[in-house]
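Visitor: Next come the chains, spelled out residue by residue.
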Amino acid sequence: MRIIRRVGVAAMAAMLMSAFVTGPAGADTPETYVGSAAGKALHLAVAGQAVTLGGSFAELDSTLHALATGTGVAGLPVVGGTSDAAAEVTGDNTGQTVPQACATPEAFSDIGGIVGLGLGCGSAAVQVVNGLPVAHGEATVANIDVDAQTILSQLPIDTVIDTLVDPVLGGLDLIEDTTGVQLELSDTVSDLLTALGTTRTLEVRLGTSTSDVVTVGDKVTSTGAAAGGTISILPLGAIGQKPVAEIVVGSASATAVYDRATGVSTPSFDPAIVTIRINTPTTDALGELTGIDTQEIVITPGDLMIPAASPAVSPCPEDSNSVCVLPGTPFETRITVASGHTVTNPDGTVGAVADAVAVHALRNIGTVVADLDGGILLELAHAEAGVGGQPAQVVQITPPDLPRELPRTGGLAVLPMLGGTGLAAAILGRRMLTIRNR
Amino acid sequence: MSTNLSSIQPVVRFLRANRWARATLSAVSLGLLVAAVGMLSYPLYTNYDADRRQSRLDREFASPANRDEYVAGSVAEGDPLTRIKIPAIDVDTIVVEGTGASALKAGAGHYPTSPLPCEDGNVAIAGHRTTYGKPFANIDRLAVGDEVILQTPIGSCSYEVVHIGPDTAYKIIAPTDFSVVENTPGDPTLTLTSCHPKGSARQRIIVQAKLVSQQTEAA
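Read top to bottom, the protein sequences are chains W and A.
The numbering of the first sequence is my numbering, which starts it at 1 and goes up by one.
The numbering of the second sequence is my numbering, which starts it at 439 and goes up by one.
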């Protein structure tokens, strides 16, 4: 047998190798949200000078910061203390409550005591409990009176009547020709003017304005609201001891809700339902006052209902949502009611606005009384709310590969068989070579 | 002989006629021989490798640094964790932490997700049966009541094999049956796993034992 060639190095079997791979860790984005609300009981402008009364504000955000304010009278000097309240906290399990603070504003003396304001109060409360912030602001103005007596008493009443009556009567003639309704209003106009010079022009009784932003569970809810009130135009003794016009305002609210789970924000508004009562005198053939005819107009958004035979009231030509009382006269008063709108911003934040009433009384009075140019603008029950945010974003970490079976602790049974087979084949091969050489 | 010669006569004639065929057959034969030697000696190599590792692990197991790691609960994969002794089948092996292929080259490894030796719950250890020192080669010969001792850097404890198979102290299960290594809070046990049958990874063989005594070194 031939000697087998010496092998230099024995071959080694390949070793099993495994690799363990972990998934990438991502950067998580924390949750963010913010909510704010504002309520404004009244905004009043007289002859171009303005104040805001009964304002409340609330705001909070995901940094656990909460702020609330309530201001009875802002921008006017007050007596008896302060009507401002402000509360603010930052951090979990914190809170602050500022009780109601009230004060009486001084008269709006710049225009000769036209405005008389009652007590104004504000309060505020904020807290953060278990990571859920809450903010509440509230303000109240008891009453507001607008009195043009000081100015008008300085004017010659006859001149005023001549200046005011002719246009009114001209308008009334047109109405008579058109409708056939006989109107005997000259005495009524005189009465109105007399009342204008002797009594209050505008009387307002207000409710409360509140601003709330509340975080409960998965919802952040912002609500601005202004409670109702009553506006009386020429409230006392104008016509048979009844006001010329009376506007009763319900409660207006604006709401915005943010869903922390889905990141969706939803706005809504609910303007107040407004009722306008117009009191017109009835007279006999001799022009003697026989009674008061009260016409009631209920106004809801987009639903303007005016009695057919109502020469003193008609939709304003420039705004279908407005009603004009005594149109075309220096006494013309425009009433805009029950309006609101929502807005969605590109970043997903939303807002809602609701206005109960905007009354622009004596809007043309400046044509005859320069000092009252601009008339009296009263905006009642304004509410705003807004929210926005983004849920937390957690990057899913790829889990490591888990073993699919219990650890392998046994060798491959085929190895010895392969080795034996290979050895046998090698021997056979050498055997055949040996036989060939014989 | 004559019968063999006649059956391979065509091949022999072909080899006589072609030099290149003879050279090729010679090379293939040599290659097969080398591969056969490798395959047959592989288990011997792994035993040699495991023996070297065990010598090193034995020294590390006795070191103060290993004790500190054990007390801190920070024993890394591949480092010595406990010594397992099974007198009935002559086992005395250092068990490392981890059951990956690299860690198990030491012979036996501790399932990282299972409790530490001698602690409450189901302590699980996997060991080779035919290679790398084959510490669990004869666990199928264990009987109920046989003692299994675990020694740690801070003490030792003793387990007794319990009956889990139909007629034996061992049980054959599928490789994907992880229930045997699930933790059992309030029930201190020891589970030993290995491959079955010998030389194959087709199934797994398990033996379980209950904690019967424990000794902790004084601080």
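A few of these clues could be false.
[Unchecked claim] Per label pair, the in silico range of CB-to-CB distance:
{"id": "1", "chain 1": "A", "residue 1": "Arg490", "chain 2": "W", "residue 2": "Ala424", "range": "52 to 58 Å"}
{"id": "2", "chain 1": "W", "residue 1": "Glu405", "chain 2": "A", "residue 2": "Asp496", "range": "27 to 33 Å"}
{"id": "3", "chain 1": "A", "residue 1": "Asp506", "chain 2": "W", "residue 2": "Glu405", "range": "30 to 36 Å"}
{"id": "4", "chain 1": "A", "residue 1": "Asp615", "chain 2": "W", "residue 2": "Val129", "range": "21 to 27 Å"}
Read the hints as simulated data drawn from the structure, not as lab findings.
Just so it is clear, CB atoms sit at the ideal spot from N, CA and C, and this is done for glycine as well.
Visitor: Are any of the numbered hints broken by this structure? If so, which, sorted upward?
Guide: 1 and 4
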